[in-house]
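*Asks:* Sequence:
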Amino acid sequence: MKTQVGAGVDFAVLANKVGVFVPSVESGQRVEQGTVLGSVEDRQLVSPVGATVVSVIAARTTVPANYPVVTLRFDGFGLTGDLSNLVATVGNAPFAGKFQVTDGVGPTDCSGVVPLASDASSGAEGQSSTISVSDSYACLIPTDSLVRAGQSAILVVTAQARNDVASLPVTAVAGRLQKGQVRRPDGTVVDVGLGATDGAHIEITSGLKAGDAVSATPPDLDPQSK
66 MKTQVGAGVD FAVLANKVGV FVPSVESGQR VEQGTVLGSV EDRQLVSPVG ATVVSVIAAR
126 TTVPANYPVV TLRFDGFGLT GDLSNLVATV GNAPFAGKFQ VTDGVGPTDC SGVVPLASDA
186 SSGAEGQSST ISVSDSYACL IPTDSLVRAG QSAILVVTAQ ARNDVASLPV TAVAGRLQKG
246 QVRRPDGTVV DVGLGATDGA HIEITSGLKA GDAVSATPPD LDPQSK
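In terms of my numbering, the sequence shown has 169 at position 104, counting the first letter as 1, and numbering is strictly consecutive.
No lab work stands behind these hints: they were computed from the structure.
Derived DSBU-like pairs: lysine-lysine, alpha-carbon spacing no greater than 35 Å straight-line:
#1 Lys82 to Lys163
#2 Lys67 to Lys163
#3 Lys82 to Lys67
#4 Lys244 to Lys67
#5 Lys82 to Lys274
#6 Lys274 to Lys244
#7 Lys82 to Lys244
#8 Lys244 to Lys163
Derived CB-CB ranges, DEER-like:
#9 Gln243 to Pro207: 28 to 36 Å
#10 Asp277 to Leu211: 51 to 59 Å
#11 Thr127 to Asp277: 32 to 40 Å
#12 Ala214 to Arg249: 52 to 60 Å
#13 Pro207 to Ala123: 32 to 40 Å
#14 Met66 to Arg108: 25 to 33 Å
#15 Ile219 to Asp256: 36 to 44 Å
#16 Thr253 to Glu106: 34 to 42 Å
#17 Val101 to Ala281: 46 to 54 Å
#18 Asp277 to Val101: 39 to 47 Å
#19 Asp277 to Leu242: 19 to 27 Å
#20 Ala275 to Gln243: 18 to 26 Å
#21 Pro159 to Ser197: 18 to 26 Å
#22 Gln94 to Arg241: 35 to 43 Å
C-beta atoms are modelled at their ideal positions from N, C-alpha and C, and glycine is treated no differently.
Given these sequences and hints, build the entire structure.
*Replies:* Structure representation (structure tokens):
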């Protein structure tokens with residue numbers, strides 16, 4: 066996608082599972098790449114780059130997966146783009162990116178591809194009650210890359226590849242996100258869990274096992290039914 070170099074990026078760190086969030090940092094704190102920002106149950110959340118903590122949601126908040134829990138400010142350059150179509154396809158899987166500045170540096174790896182954060186609403190004791198994110202993501206440009214604000218660039222973002230997953234053609238599945246249904250050859254409808262998709266096939270996370278047969282016709286709702 067075509068984009069422009071911008072200065073300063075506020076981005077959100079998302080919970081990586083359902084559970085209770087326990088922060089390890091506070092607003093105004095400076096963190097380095099790899100600093101532990103907090104945890105959700107047994108999963109640690111780390112900073113992808115050196116940054117300043119802008120806001121943190123209240124400690125011991127029970128959050129769903131992909132919920133924004135920390136806002137960080139990257140005092141460097143970044144490239145932004147709308148990834149709503151990619152997110153709808155693969156969810157908030159880890160993203161990687163490369164960029165090339167017109168008549169400048171690149172192709173170069175992004176230091177991180179992160180969801181942009183908007184203003185957070187204030188809570189008690191300097192903590193944030195909510196953090197808002199959008200469908201726009203930012204490629205964080207390495208600090209040793211020679212760029213300037215306003216330069217034109219090309220940004221390419223990809224989702225992390227996954228191997229050895231059970232999948233079906235999307236045409237055989239009713240549904241595209243989280244949960245869906247398939248039909249067995251005998252007509253039985255089976256609820257299935259859905260994961261990532263490449264547009265042609267979709268991951269089956271539960272409900273079926275390798276070798277199970279399904280009908281090529283999914284149990285979609287009939288738009289003519291009343």
